[in-house]
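Participant: Using the hints provided, position chain F relative to the given structure of chain A.
Each chain, written out:
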Amino acid sequence: DSGVTQTPKHLITATGQRVTLRCSPRSGDLSVYWYQQSLDQGLQFLIQYYNGEERAKGNILERFSAQQFPDLHSELNLSSLELGDSALYFCASSVGLFANTGELFFGEGSRLTVL
Amino acid sequence: DQQVKQNSPSLSVQEGRISILNCDYTNSMFDYFLWYKKYPAEGPTFLISISSIKDKNEDGRFTVFLNKSAKHLSLHIVPSQPGDSAVYFCAASDDDFGNEKLTFGTGTRLTIIP
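One line per chain: the protein sequences are A and F, in this order. Reading the first sequence from the start, the letters are residues 1 to 115 in my numbering. Reading the second sequence from the start, the letters are residues 116 to 229 in my numbering.
Please keep in mind that the hints were generated in silico from the structure rather than gathered at the bench. Do not take every clue at face value.
Claimed, not checked - Straight-line C-alpha distance at most 30 Å; calculated DSBU-like pairs for lysine-lysine:
{"id": "1", "chain 1": "F", "residue 1": "K171", "chain 2": "F", "residue 2": "K183"}
{"id": "2", "chain 1": "F", "residue 1": "K120", "chain 2": "A", "residue 2": "K9"}
{"id": "3", "chain 1": "F", "residue 1": "K152", "chain 2": "A", "residue 2": "K9"}
{"id": "4", "chain 1": "F", "residue 1": "K169", "chain 2": "F", "residue 2": "K183"}
{"id": "5", "chain 1": "A", "residue 1": "K57", "chain 2": "F", "residue 2": "K183"}
As the list claims (entries may be wrong) - Listed next, with one range per pair, are the computed distances between beta-carbon atoms:
{"id": "6", "chain 1": "F", "residue 1": "G131", "chain 2": "A", "residue 2": "D71", "range": "28 to 38 Å"}
{"id": "7", "chain 1": "A", "residue 1": "E62", "chain 2": "F", "residue 2": "E157", "range": "28 to 38 Å"}
{"id": "8", "chain 1": "F", "residue 1": "G198", "chain 2": "A", "residue 2": "G96", "range": "47 to 57 Å"}
{"id": "9", "chain 1": "A", "residue 1": "I60", "chain 2": "F", "residue 2": "S167", "range": "42 to 52 Å"}
Here a beta-carbon is modelled for each residue, glycine too, at the ideal position from N, C-alpha and C.
Only chain A is shown next, with the shape it has when bound in the complex:
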C-alpha cells in the first residue's frame, strides 16, 4: 500500500461526457502528479501540483484540467470525452518538488473506459 488513494478504481462512460478522478496523496506529501497510461503506451506525464499551485504541465489536453485543494487532495477533470481517452490514469505523490529522486509513490490507478 503506497498510501496514495485514487477513486474511482473503474469508470465507464460515454463519449461527450465529463468525469472527475480524485486523488489523495500520502500524508505529508505536497506534490501530486497525474499520469496517463493508454494501451501499449508508457506513462505519459499530464500535470503536477505542489502545495496547491500548478508546477509543471506535460501533454495534457485542453479538455482536461486539474486542481489541488487546500487539504492537498487533487482532482483531474476530463471533459468532452473521446474514445481515445480510455486509459489508466495514475496519481502519484512525493514530499518535495522533484520527481527525479525516485520518491514517487503511485496510487493503484483509475481505469476509464469511454464507449
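Facilitator: Just chain F, lined up with the frame of chain A:
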C-alpha cells in the same frame, strides 16, 4: 516521439537465472534514470535509480548499468525469483534544474518461470 524506449514488450526467464531488461533513450539531456516495477492492479513502485555520473548502481539482486555513449541502460536481476514477475518501466529525467516530471518507457513484462 518516444524519448524512452523499451523495445521488448515481454521477457521470460527461468527462475534462478539472470534477467536483463533493456532501455534506450534519445534525449542526451537526460541525466537521471530510474526503474519502476508494477504488479497487476497496483501502481508502479520505485526499484532502483542511477545518476549519469555513474555507470553502475547495485542494490541487492538488482543492478542498473548505464552506457551514456550508447544512450542505453539495463536492469539486471540475479538470481531471478518468481516474485520478480511484473512489468518494469524505465524512466528518465532531464537536466533542468528542479525537474518535475519523469519520461517513462512503455514497459517490459517479465515472467519468471519456476
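Participant: If a hint holds in the structure, say so; if it doesn't, say that too.
Facilitator: Okay, the hints, checked on the actual structure:
no. : hint                       : in the structure
1   : F:K171 x F:K183            : holds, 11 Å
2   : F:K120 x A:K9              : holds, 28 Å
3   : F:K152 x A:K9              : holds, 20 Å
4   : F:K169 x F:K183            : holds, 9 Å
5   : A:K57 x F:K183             : holds, 27 Å
6   : F:G131 x A:D71: 28 to 38 Å : violated, 48 Å
7   : A:E62 x F:E157: 28 to 38 Å : holds, 31 Å
8   : F:G198 x A:G96: 47 to 57 Å : violated, 30 Å
9   : A:I60 x F:S167: 42 to 52 Å : violated, 28 Å
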